[in-house]
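Taken in order, these protein sequences are the chains called A and B.
Just so we're aligned, residue 1 is where the first sequence starts under UniProt numbering, counting upward by one.
Just so we're aligned, residue 1 is where the second sequence starts under UniProt numbering, counting upward by one.
Hint data in this document are derived by calculation from the structure and do not stem from the laboratory.
A portion of the hints provided could be inaccurate.
[As the list claims (entries may be wrong)] Cross-link-like lysine-lysine pairs, in silico, DSSO-like; alpha carbons within 30 Å at most:
id : chain 1 : residue 1 : chain 2 : residue 2
1  : B       : K109      : A       : K364
2  : B       : K46       : A       : K145
3  : A       : K234      : A       : K83
4  : B       : K178      : A       : K289
5  : B       : K87       : A       : K332
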Amino acid sequence: MDLERSVGIVETKTATLGDLRLDNGSVLSPTLIAYETYGTLSPAKDNAILVCHALSGDAHAAGYHSSSEKRPGWWDDYIGPGKSFDTNQFFIISSNVIGGCKGSSGPISINPVSGKPYGSSFPFVSIKDMVEAQKLLIDSFGIQKLFCVAGGSMGGMQALQWSISYPDFLTNCIILASSPEHSAMQIAFNEVGRQAILSDPNWNNGLYEDNASPRKGLALARMVGHITYLSDDKMREKFGRNPPRGNLLNSDFAVGSYLIYQGESFVDRFDANSYIYVTKALDHFSLGKGQELTKALSPAQCRFLIISYSSDWLYPPAQSREIVKSLEAADKRVFYVELNTKEGHDSFLLPNAKQEDVINGFLKMPVDE
Amino acid sequence: MIASKVLSSKTLRERPDFAYILDTISPGSRVLDLGCGNGDLLYLLKQKGIRGQGIEKDEDAIVECIRKGVYVHHGDIDEGLSHHEDKRFDYVILNQTIQETRHPGDIIKEGLRIGKRVIIVFPNFGYWEVRFRILFQGKTPVTDLLPYRWFNTPNLHFLSVLDFEEFCQIRGFTVEDKAFFTDLKQVRFRANFFAKLALFQIR
Numbered sequence: 001m002d003l004e005r006s007v008g009i010v011e012t013k014t015a016t017l018g019d020l021r022l023d024n025g026s027v028l029s030p031t032l033i034a035y036e037t038y039g040t041l042s043p044a045k046d047n048a049i050l051v052c053h054a055l056s057g058d059a060h061a062a063g064y065h066s067s068s069e070k071r072p073g074w075w076d077d078y079i080g081p082g083k084s085f086d087t088n089q090f091f092i093i094s095s096n097v098i099g100g101c102k103g104s105s106g107p108i109s110i111n112p113v114s115g116k117p118y119g120s121s122f123p124f125v126s127i128k129d130m131v132e133a134q135k136l137l138i139d140s141f142g143i144q145k146l147f148c149v150a151g152g153s154m155g156g157m158q159a160l161q162w163s164i165s166y167p168d169f170l171t172n173c174i175i176l177a178s179s180p181e182h183s184a185m186q187i188a189f190n191e192v193g194r195q196a197i198l199s200d201p202n203w204n205n206g207l208y209e210d211n212a213s214p215r216k217g218l219a220l221a222r223m224v225g226h227i228t229y230l231s232d233d234k235m236r237e238k239f240g241r242n243p244p245r246g247n248l249l250n251s252d253f254a255v256g257s258y259l260i261y262q263g264e265s266f267v268d269r270f271d272a273n274s275y276i277y278v279t280k281a282l283d284h285f286s287l288g289k290g291q292e293l294t295k296a297l298s299p300a301q302c303r304f305l306i307i308s309y310s311s312d313w314l315y316p317p318a319q320s321r322e323i324v325k326s327l328e329a330a331d332k333r334v335f336y337v338e339l340n341t342k343e344g345h346d347s348f349l350l351p352n353a354k355q356e357d358v359i360n361g362f363l364k365m366p367v368d369e
Numbered sequence: 001m002i003a004s005k006v007l008s009s010k011t012l013r014e015r016p017d018f019a020y021i022l023d024t025i026s027p028g029s030r031v032l033d034l035g036c037g038n039g040d041l042l043y044l045l046k047q048k049g050i051r052g053q054g055i056e057k058d059e060d061a062i063v064e065c066i067r068k069g070v071y072v073h074h075g076d077i078d079e080g081l082s083h084h085e086d087k088r089f090d091y092v093i094l095n096q097t098i099q100e101t102r103h104p105g106d107i108i109k110e111g112l113r114i115g116k117r118v119i120i121v122f123p124n125f126g127y128w129e130v131r132f133r134i135l136f137q138g139k140t141p142v143t144d145l146l147p148y149r150w151f152n153t154p155n156l157h158f159l160s161v162l163d164f165e166e167f168c169q170i171r172g173f174t175v176e177d178k179a180f181f182t183d184l185k186q187v188r189f190r191a192n193f194f195a196k197l198a199l200f201q202i203r
């Protein structure tokens with residue numbers, strides 16, 4: 001544990017906020033949001049940055065929950081004293097999304113009407129709803145304007161939605177490895193994952209008990225997902241074709257064992273219903289293409305930094321360019337860089353000196369330029 | 001911040017073309033710099049209150065631009081600028097870019113669609129030193145403005161002042177202004193022979 005540049009020991013808190021009317025018309029009451037904060041909110045409350053997580057992420061973005069925790073939060077390389085999101089300067093808020101299973105309102109929450117977990121009776125949640133819930137949280141801090149909203153992948157969609165839902169509420173917006181809408185291929189991968197869950201004997205229409213959940217289906221869903229987060233090069237480098245033994249009954253390739261391990265460990269920390277809700281939110285998110293997208297983005301007032309990664313085949317650079325071109329067509333202020341990486345979609349999470357440089361430069365720009 | 005300012009004043013002294021462009025464009029204008037490199041020119045324009053934006057294909061140069069706070073798009077200008085509206089910019093600049101593009105005519109035409117004026121700066125292949133190198137060495141010239149060898153040059157085209165004037169005539173571009181430079185000063189006499197660098201403003 002390198003505490004010198006770490007935010008140290010942190011705690012996930014839960015805010016209980018008011019009613020939230022969702023996109024589909026139903027009302028979430030109360031709205032619970034799990035979150036963590038790092039750094040100090042300035043007296044003027046003008047140094048806050050909201051960090052949005054990806055599909056299976058959570059509020060734990062930096063630091064450690066205990067001295068025995070082996071791995072820090074998911075964006076620890078970028079959040080901390082002297083890091084890109086410098087906690088000496090900024091007040092960082094990382095909030096968990098609604099619909100998930102890491103402490104915010106979601107399918108495993110107790111339905112106040114029935115006294116039991118919602119399961120699949122939890123209302124449909126959109127990316128826009130996730131943003132609305134985050135807005136309630138930010139309001140509860142008394143913050144009038146965020147200095148920046150940043151996120152990768154699904155977090156990037158939230159950041160993009162923030163820029164148009166609340167144009168006057170953010171100065172900067174950072175979108176990494178993201179997309180204005182899912183392609184058929186992206187939906188297809190998510191559909192395979194959902195079908196794996198639905199075909200698990202324990203599925204029970206989403207009304208499964210905690211001790212008899214569709215573990216196998218969720219593990220399979222994660223395995224498919226995990227393939228898409230890596231790159232062929234990275235997998236080749238990590239596993240190659242080793243070791244092929246030709247055993248029909250066991251997983252005989254290293255990459256297979258690795259995926260099985262990833263799938264099984266995921267089941268212990270994620271809920272199958274949440275996987276369905278969150279992937280559906282991703283698939284339904286659509287700001288359109290071409291002129292439609294330009295129109296959708298026209299309310300935005302903030303500055304944008306868009307980053308894509310050469311080896312990302314799940315959210316390829318062309319999707320980021322689509323956002324960039326539409327922003328430019330709508331006459332917005334935008335920086336765009338495609339970083340040359342080998343690690344695939346996960347690149348945005350990994351240490352990268354150029355990414356640090358770019359984020360630092362962007363956040364240091366005077367507010368009015 | 002201090003470091004980039006030192007760099008900028010040095011750059012300006014060594015780049016009479018930058019100084020000329022800074023003089024030409026008035027504050028409040030909007031500029032698109034095609035092939036903006038590390039953003040030095042855009043940074044200077046920004047200091048003068050000119051809203052600039054660049055396109056560049058080199059990753060390190062892009063990182064440098066963002067560090068300077070210069071709005072930049074990582075991409076290839078040969079792959080289209082079609083998303084930009086007609087006459088969105090007051091000036092489109094191609095500073096030592098045109099010789100590296102696959103289809104210079106198309107790029108300039110596109111530049112004239114999205115910009116009211118296009119400023120083109122290129123190394124003059126008619127410069128006396130270039131001519132002498134070919135004549136006396138019999139080899140593809142390597143000079144400070146054409147610093148590459150034949151096998152590693154990004155330059156696809158080699159053009160002189162006369163070539164470009166002829167090109168403007170053929171394509172029907174109106175030359176509104178031109179300026180020629182050697183190392184630190186402007187050239188006003190027999191430009192195609194004495195100028196290392198040529199600047200044309202067309203419409």
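Check your understanding: What are the numbers of the hints that this structure violates, sorted from low to high?
Key -> Numbers 1 and 4 - these are the hints that the structure violates, sorted from lowest upward.
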